[in-house]
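Asker: Spelled out from the first residue to the last, the chains are:
There are 2 protein chains.
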Amino acid sequence: MSILITGVAGFIGCNLAGTLLERGGYVFGVDNLCRGSLANLYDVERNPRFSFIEVDMADKTAYRRAFVDFHARDPITEVWHMAANSDIPAGIADASIDLRDTFMTTFNTLELMREFKVPVIAFASSSAIYGDLGKRPLTEDTGPLLPISNYGAMKLASEAAISAAVESGIARAYLFRFPNVIGIPSTHGVILDFVRKLAVTPDNLVVLGDGTQQKGYLHVVELIDAMLFIRDKAPERIAVYNIGPGDDGVTVRFIAEETVRKAAPGASITFGSGNKGWVGDVPQFVYSVDKLRALGYRNQLGSVEAVRLALHQIVEQERR
Amino acid sequence: MSILITGVAGFIGCNLAGTLLERGGYVFGVDNLCRGSLANLYDVERNPRFSFIEVDMADKTAYRRAFVDFHARDPITEVWHMAANSDIPAGIADASIDLRDTFMTTFNTLELMREFKVPVIAFASSSAIYGDLGKRPLTEDTGPLLPISNYGAMKLASEAAISAAVESGIARAYLFRFPNVIGIPSTHGVILDFVRKLAVTPDNLVVLGDGTQQKGYLHVVELIDAMLFIRDKAPERIAVYNIGPGDDGVTVRFIAEETVRKAAPGASITFGSGNKGWVGDVPQFVYSVDKLRALGYRNQLGSVEAVRLALHQIVEQERR
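Residue numbers (the working numbering), protein chains in the order written: chain A, -18 to 301; chain B, -18 to 301.
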């Protein structure tokens, strides 16, 4: 087994690299280091079965050189494609960011997989592909898929390109659709945002929106556990699975209160108005993981425990 | 009203231009003339309210110049985006064709619409976005969407990009999902194929596959009628509608027999094996137009009548 991880220096990629190395085999990694960081690879880089090349995957010629290099060491048997623009608002302001970093990275990965006869792709899709369907439960067979951010649009475009590739050259695909993932190393997201705000103004936390926005939160450790479970068990040639905490989630108010309790006890909290944080944000959704449960997976953390664990880790991270 | 039609020199585009000109207002057209032809614009070009610029829409700078030129004459109020790679097998052999001609034309259209504040887009999507779901009826809320051709994948990617654009800058979108459209001017497809084969060997028609492949066929005149009906009546901000003949379709055997009867009476027919014509072709599907009917639309032609009318027109076309 030789697995290539794209976006390996990012939040999910670096955690995944650690877990895959524990399982044995080579792990190759690429990243353009725009949002990811070499510091995230500090632990895995000491493993002799890990190898990293900095490359812009939207540049097919450069990406191909990395592929050739890894493939010569040990033929790549599987790609875990985690690379994407993770800054959703930036992609709404400038659609070319998600075109390049979220979609063209997928397109070029598929082209190279076909050329080098790599049979399996596992893809970090997103709950953002569903768009804003209100309180309609989001199952894998929900449609129409009308994303409200370019991030969601280019994740859906990537799913579509992968699906077509499975008809012509690629043997199997795993499409993991997941919502808000939390944990460390944290570079963005509501918990880090609150922790950093409180570091500046320890007596008051200003929250965007009225705090009623409710979402499920999935810890990165659980996400990786679930992805590997699906990779091992799912029978479909194109395996589409929602991954989530399996509960109704927690409100922004809950996260604000937990953060204050942990990071700045006694601070007051000021809420804004409206329940939509920013353009492209889906305010509330019911995320079904029934299909994943039917496959036999059992969640270990719910949203509450995931938030508390991540909060603890992020406060530690920020103290370093 | 000033409407820009992309892919105006193609099969659907040129028919649409004629109909929109009858309704009044300016009609601007762009086409890269790769698959479309100036000959298709012979009738509409004589109308002083029609204007055409040859441009590669995948080249944003060149496309922008055309936009500036049209916009200066009369501000564009609506784009009907029909441009795409219509050669599905070519796009499977080389994914970059659909990336460029089916998807990047959409992406650049949206970028220019935002820049020039054009509020409405009508888009020629496709039944190919559904992939091969067997006999499961295809309704607008069917999922997951797992296309089996790059054409279908890049049509779905286009839907996704349009959906996100409606959240940030564009007011309304109409996504028309339709299957096999027939009529004239015909450049490809099963009827033209059969007519041309019989012109070479008038005593025998060789059919790819066993002839049991069954599909609905929609005449281009009816397609345009239905698209304009939806444009006028649909209440949704993103209006997703299947358009089809509203019946179970006809088999390849029926089309072969009708073509022989019309073009070379007495010729024998030789069938191949299997019911899948080529990679990326969906062999059989049940296409629901219940949503369109609920909006009040009534089909005038079924698949049988559409095939007979198109066959008559194509035989005439080939005699010229």
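Please keep in mind that the hints were generated in silico from the structure rather than gathered at the bench.
Being a predicted model, the structure only gives us computed values, none of them experimental.
For every residue, glycine included, the Cβ atom is placed at its ideal position computed from N, Cα and C.
Check before you lean on any hint, since a few could be wrong.
[What the hints assert, rightly or not] Below 20 Å or equal to it, Euclidean Cα-Cα: the simulated SDA-like pairs (lysine to any residue) are:
1. B/272 - B/187
2. B/98 - A/256
3. A/98 - B/32
4. B/98 - A/74
5. A/243 - A/150
6. B/272 - A/125
7. B/41 - A/177
8. B/116 - A/125
[Stated by the list, open to error] Which residues of chain B face chain A? A few of them, derived with a C-beta cut under 8 Å, are:
9. 88
10. 115
11. 124
12. 138
13. 145
14. 192
15. 195
16. 220
17. 221
Asker: Which hint numbers doesn't this structure obey?
Answerer: The structure breaks hints 1, 2, 3, 5, 7, 10, 14, 15 and 16; every other hint is satisfied.
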